[in-house]
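J.: In order, the protein sequence lines correspond to chains V and C.
Heads up: the first sequence is residues 1 to 262, going by our numbering.
Heads up: the second sequence is residues 1 to 185, going by our numbering.
Just so you know, these hints were derived from the structure itself, not from any lab.
A portion of the hints provided could be inaccurate.
Unchecked claim - Short, incomplete list of chain C residues facing chain V, as computed with Cβ under 8 Å:
id: 1; residue: Ser105
id: 2; residue: Gly108
id: 3; residue: Pro124
id: 4; residue: Asp126
Note that beta-carbon positions come from the ideal geometry of N, C-alpha and C, so glycine has one too.
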Amino acid sequence: MAEQGKGKKPAPGKRSGNQPKRPTASRAPERARPGATPAKAGRAKTPAFDVDSDLDKSGLAEFFAPVAGFGVTMSTLFRPVVTEQYPFEKAPTAPRYHGRHQLNRHPDGLEKCIGCELCAWACPADAIYVEAGNNTPEAQYSPGERYGKVYQINYLRCIFCGLCIEACPTRALTMTNDYELAGTTREKMIFEKDTLLAPLRSGMLAAPHPMVAGLSDGDYYRGDVSGPTTEQVAWVKERRPEDESLSAAGAAATRAAKGGKE
Amino acid sequence: MGLEEKLPSGFVLGKVEDLVGWVRSSSMWPVTMGLACCAIEMMAAGTPRFDLARFGMEVFRASPRQADLMIVSGRVSHKMAPVLRTVYDQMSDPKWVISMGVCASSGGMFNNYAIVQGVDHVLPVDVYLPGCPPRPEMLINAILELHKQVIKGAPLGEHRAEINRAVEAAALNAVPTQEMKGLLA
Chain V
1 MAEQGKGKKP APGKRSGNQP KRPTASRAPE RARPGATPAK AGRAKTPAFD
51 VDSDLDKSGL AEFFAPVAGF GVTMSTLFRP VVTEQYPFEK APTAPRYHGR
101 HQLNRHPDGL EKCIGCELCA WACPADAIYV EAGNNTPEAQ YSPGERYGKV
151 YQINYLRCIF CGLCIEACPT RALTMTNDYE LAGTTREKMI FEKDTLLAPL
201 RSGMLAAPHP MVAGLSDGDY YRGDVSGPTT EQVAWVKERR PEDESLSAAG
251 AAATRAAKGG KE
Chain C
1 MGLEEKLPSG FVLGKVEDLV GWVRSSSMWP VTMGLACCAI EMMAAGTPRF
51 DLARFGMEVF RASPRQADLM IVSGRVSHKM APVLRTVYDQ MSDPKWVISM
101 GVCASSGGMF NNYAIVQGVD HVLPVDVYLP GCPPRPEMLI NAILELHKQV
151 IKGAPLGEHR AEINRAVEAA ALNAVPTQEM KGLLA
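If we strip away everything but chain V, and leave its shape as in the complex, we get (with noise of 0.2 Å):
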């Protein structure tokens, strides 16, 4: 390094365009001139880094150099199978995967959702659209004064950040494990209430209907309602008697009713 310090040479870097194929041009640089034959000398003052040099290897290694990387494969047919096979066997998400929302249901079957729109105040992508109607007593969808009327989402905006869900104050936006969306339309993608809406589980009563007599909004949020009562049962019967949730709601209310006075 210091005989390249004197500065007889031109620098390495301008020498090397000229012989492209001299790896150690820098290191000798009293032979670099034109006229030498630079290649041999290269070879004959270091090896320096050359990847085709077989030097160092002994006869075994060069002999089975040409299928080593062949032991990565070998070896690897012997370890686990680390694919899952999506569609046929589904590996289930973290139990907090922020996958399609669902919106859901107090015990005896009325909707949380109190159509506040804070979730599409929340919404970043502006994915969320809610318009919340009046609940009167022959249309009562939720406890309290109103209910989410027209409830959308717009999966092609939704970016799942969950933030919705923070926003909502009766918890009546979750999100789901569900993640298979993939759709073929633009309309088809935005999900409106009917698809959001948690199914009725068995024992609910499907709405509208009054609340549980005696109770405010207050002690629904506070979770003091575990299912349907039997004036709930018999007021959707007097109204809509073809209702499908009718004989199992009217079930749990007489057993609940039953199990209260036990």
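Dock chain C against chain V, hints included.
T.: Below, chain C without anything else, positioned relative to chain V:
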């Protein structure tokens, strides 16, 4: 165009169509079109853990001439849009598009001047895939949805001409994407 347009329609052609659809769906080569973070998940889908090779599509082609599927993965900026269209035009004819992730599908959270609000402004999209980014399983799910479509319909001969006419008529009557309102915009 050629002989295939002159084929008579009927039972035999229907069976040939089924066979062609099956063959096409069993070996679909995607063109490399990774534009943003979704591309990472797309690459993950090709790794041994998810193994797209199970469906005959592990080769991501760098040349559009050799590809028949375009997975648009990531947000498409206005500057990228003509490039995207050029690559699509260069792909040979039975070709499909998956719009992977919300940014490609509708602009996603980037509702601004820089991003094309949905790649269907530029290309005809066959399958939309939400997610930000979608996990590799979701991509595989979308690909399988596409396979279902491909197996169903590979119109040849008379069928093809009929269907092309119907598609063109429907496209002329449809509301342009840029004139859609509300959540569809």
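J.: Taking the hints in turn, state whether each one holds.
T.: Results for each hint:
The criterion of a C-beta within 8 Å of any C-beta in chain V is met by serine 105 of chain C, whose closest approach is roughly 4 Å, and the hint holds. The closest approach between the C-beta of glycine 108 of chain C and any C-beta of chain V is roughly 6 Å, which is under the 8 Å cut-off, so the hint is satisfied. Below 8 Å, beta-carbon pairs count as interface contacts, and proline 124 of chain C has none with chain V, the closest being about 11 Å; its hint is therefore violated. The beta carbon of aspartate 126 of chain C is positioned within 8 Å of a beta carbon in chain V (closest approach about 7 Å), and the interface hint is therefore held.
The structure fails hint 3 only (numbered hints given earlier).
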